[in-house]
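Engineer: Single-letter residue listing:
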Amino acid sequence: MDTVLLQAIINGLLLGGVYAAYSAGFSLIFGVMGVVNLAHGELIMLGAFTSYWMFAYFNMDPYLTTPFAMGFLFVFGYLMQKYIINRVIEQPHIMSYILTFGIHLMVANLALKFWTHDFRSITTSYSGLNAAFWGLHVPYSRLITFCLALFIIAALWFFLARTETGRAIRATSMDKEVARLMGVNIREIYAITFGIGAAITGLAGASISPFVIIYPEMGLDYTIIAFCVVVLGGMGYMPGALWGGLILGVAQSLTATYLSAGISVAITFLILFFMLIFRPTGIVGKGLEN
Amino acid sequence: MNRDKSMRRFWILFIIASVAVSLFPLVTTSEYYLRLAAIMLLWIGMAGCWNLMSGYTGYIDFGPVVYYGLGSYATAILMTKYAVSFFPSVIVAGVVAALIALPIGIPTLRLKGSYFAIATFAFAETMKQVALEFDRAFGVTFFEGSHGITLPLSGQSNLFFFYCVFVVTLAVVLLHYHIEHSKFGYGLKAIHEAEHAAEIAGVNTTGMKLRAYVTSAFFLGLLGGIEAYWITYITPEDVFNVHKTVQMVIMTLLGGMGTFLGPIVGASFLTLLQEWLGTTFVEDYMILVGAIIIVIILIAPRGIVGTIKEWKGIRFI
Amino acid sequence: MVVLECIDISKSFGALMAVEMVSFSLNQSEILGMIGPNGAGKTTLFNCLIGVYKPDTGQVRFKGHEVAGMRPHKICRLGMAKTSQIMEPFRAMTVFENVLVGALHGGQLNMAEAKRETANVLELVGLADHSDKSSTSISVPARRRLELARALVTGSDVLLLDENMAGLNPHEIDEALELLRKIRNSGKSLIVVEHIMRAVMGISDRIIVLNYGSKIAEGAPGEIANDEQVVEAYLGCRLS
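Chains as they are written, first to last, in the working numbering: chain A, 1 to 290; chain B, 1 to 317; chain C, 1 to 240.
Isolated chain A (complex conformation) (with noise of 0.2 Å):
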């Protein structure tokens, strides 16, 4: 096969796996609670910007401090669904994504206020070096989070699946008022539900942090990658996150290879606009109407 079309193709697996890694979380909040946290790509920023200043001041390795990231963006999503979001969860959607929007307008721009415009990025040992195999380069650091990406998506579907939370989080989401009566407190659910989202997508962010760029209005673009995703796979239907991410990568790693970079960006915003009108339950269907 034509080595261009391979390296397009293995650089769109790399960036799909990883999209769909920090839209996991986006299709969990949306799939149990009906929220669209358009607030979600500042999670992903403060991920990335955790691993900047751990970096920058502790000269930590960046995956060391996914944990970190993890546990600080689960407490950030706990609080704020508890006791904002949750605030307005029994009224219709539209309140609940405005709401988000605004809480993505504040914290964009807090950071950017108090860690400026500037672009940060960070350089390791392993920063520049690739494995090198077929006349293809694949580098080491997007290998890691690809890895790291698939690892996050099994352990999510394990956590719903097999554990007693994740059997509540599923119950909530299939019939609120039967689980209720079940006896889970829905809005702990919630919150909690909120804390796992935002944790994995903080992991997410983090572990991209070795090798895309660094600046507080990031979060945007990446909201956009995740709405894209998840409407692909299927809203709320989490092995639709992978497909979706895959898909998505490759399209865009094709479209950026042979046409150009911004028609990638271009080609990401029809694909998402086309979906909707045409087939908002994703390509298999599974998705949620909303």
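Treat the hints loosely; a few may be bogus.
Distance condition first, Cα-Cα at most 25 Å in a straight line; then the derived DSS-like pairs of lysine-lysine [claimed, not checked]:
id, chain 1, residue 1, chain 2, residue 2
1, B, Lys183, C, Lys182
2, C, Lys133, C, Lys74
3, C, Lys133, C, Lys115
4, B, Lys112, C, Lys54
5, C, Lys63, C, Lys182
6, A, Lys176, A, Lys286
7, A, Lys82, A, Lys176
8, B, Lys183, B, Lys112
9, A, Lys286, B, Lys112
10, B, Lys312, C, Lys133
11, B, Lys5, B, Lys183
12, C, Lys115, B, Lys312
13, B, Lys5, C, Lys74
14, B, Lys312, B, Lys5
15, C, Lys63, C, Lys74
16, C, Lys182, C, Lys115
17, C, Lys54, B, Lys183
18, C, Lys115, B, Lys183
19, C, Lys54, C, Lys74
20, C, Lys54, A, Lys286
21, B, Lys112, C, Lys74
22, B, Lys5, C, Lys133
23, A, Lys176, B, Lys112
To be clear, the hints were calculated from the coordinates, so they are not data collected in a lab.
Fit chains B and C to the known structure of chain A by using the hints.
Structural biologist: Same frame as chain A, now just chains B and C:
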């Protein structure tokens, strides 16, 4: 009877206020205040357009800036490439925006809630990318990509643009009045409250939504065209910028969605606030905007005017 | 004279056959009762008639038109209106405005005419005193009458009433029945879905019975009450 009297009183006050505003340029000698007033009117118009569509129907549009941007580009291209003069260019800009809104609105308005919001946002961002990439992709000179388009120098004063904006904004405001008292308005509000029940009661929900969407697009196109000529230089990043959408949303939200005075109150307040914070505190303004959104949603979702309406039981403001 | 004719209507949702080959007709100035256990398909059938669902099979003939699959607002303007089991008032509007919407859009009247007609209908259903009240602040029976008024003001000749008496006490039911008779006597034709047996039996000229999506019986109230299949459907067993 009491209701009719207070409505008449309100209407008289409104006419007086409109005349006063229209005479404002004649009483002020400061170019700064004139310009500020013109900007305030512009935002009242823009927020009003968003209110026409999203405020009344409840379909939260996150992409209205696209019609503003299309209007800007239509005017710029007509004036630079085809040597069309200003006024016809602006009218065409509005028509172009409306014509594009129609085929976009039909499929998009079938979506609900956040799907509609994201789809409209996606369309807006797509258009921005088109403006950026079109020329390079097709080897033509049309949108001029990120170089932007420089319009012919207007040689006109702030006074000229004040009145251009005033006319369009007045039209938008009067449209609000029409909505508050007409079949169209009741239809839109019914759609907001219970779309399903409205349809069964005979409301042509698709037709009404489309009408609101296209009308809003038309006026946004006009305003985009006017401002393009005013600031003389446009780029895709500027005229398709999501910040303009954010402004329209927050101004209407703060003032009161689906009310007559809402956009006027919200736009005036926030224009002044932004002016006060100046260009050095852009982040501060956005932080405040974010905070205002959160507070409004949690505490007073009907906005300033909406909450007053509820307290005092007034129906038509 | 037949005003509404339903022929072989079926509607399924995935594997669930909600309505299966149901046929019936409604005559001029008739009150047709529709009964059946919960989940029998009554609301789904109504939704097929009113345009909310497009039936999988069958035809709905109304005023010389084939209306199956037509959009609800068009069917309403043609002359068929429905009240909903789960009431949906326009919450931010007053009682008057709620009905006004129906007059303006369903009734296709101009503002002045619509306001007059709204006042008339509110008078008829006994809500005139509540005109300026918020639609959410009135009692349950009043809200039921609001649903009815909103359907009535559209000028529709055929009214489909889906459990319009749910939540009413016996005295209120009697008043509601009186109102329905008045409406029928003015020339309207009604299909009434109710669970309150004495109400349905008392007011209906004819009754059809649905169970598991099919029509299992049709006839005068007296016949239906004694029909074995009907009894079995409700009680789950035969009375020997």
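Engineer: Indicate, hint by hint, whether the structure satisfies it.
Structural biologist: Against the structure, the hints come out as follows:
no. : hint                     : result
1   : Lys183(B) with Lys182(C) : 29 Å, violated
2   : Lys133(C) with Lys74(C)  : 30 Å, violated
3   : Lys133(C) with Lys115(C) : 16 Å, holds
4   : Lys112(B) with Lys54(C)  : 20 Å, holds
5   : Lys63(C) with Lys182(C)  : 23 Å, holds
6   : Lys176(A) with Lys286(A) : 20 Å, holds
7   : Lys82(A) with Lys176(A)  : 17 Å, holds
8   : Lys183(B) with Lys112(B) : 23 Å, holds
9   : Lys286(A) with Lys112(B) : 18 Å, holds
10  : Lys312(B) with Lys133(C) : 14 Å, holds
11  : Lys5(B) with Lys183(B)   : 22 Å, holds
12  : Lys115(C) with Lys312(B) : 24 Å, holds
13  : Lys5(B) with Lys74(C)    : 38 Å, violated
14  : Lys312(B) with Lys5(B)   : 16 Å, holds
15  : Lys63(C) with Lys74(C)   : 13 Å, holds
16  : Lys182(C) with Lys115(C) : 22 Å, holds
17  : Lys54(C) with Lys183(B)  : 28 Å, violated
18  : Lys115(C) with Lys183(B) : 11 Å, holds
19  : Lys54(C) with Lys74(C)   : 14 Å, holds
20  : Lys54(C) with Lys286(A)  : 23 Å, holds
21  : Lys112(B) with Lys74(C)  : 22 Å, holds
22  : Lys5(B) with Lys133(C)   : 20 Å, holds
23  : Lys176(A) with Lys112(B) : 22 Å, holds
Of the hints listed earlier, those the structure fails to meet are numbers 1, 2, 13, 17, in rising order.
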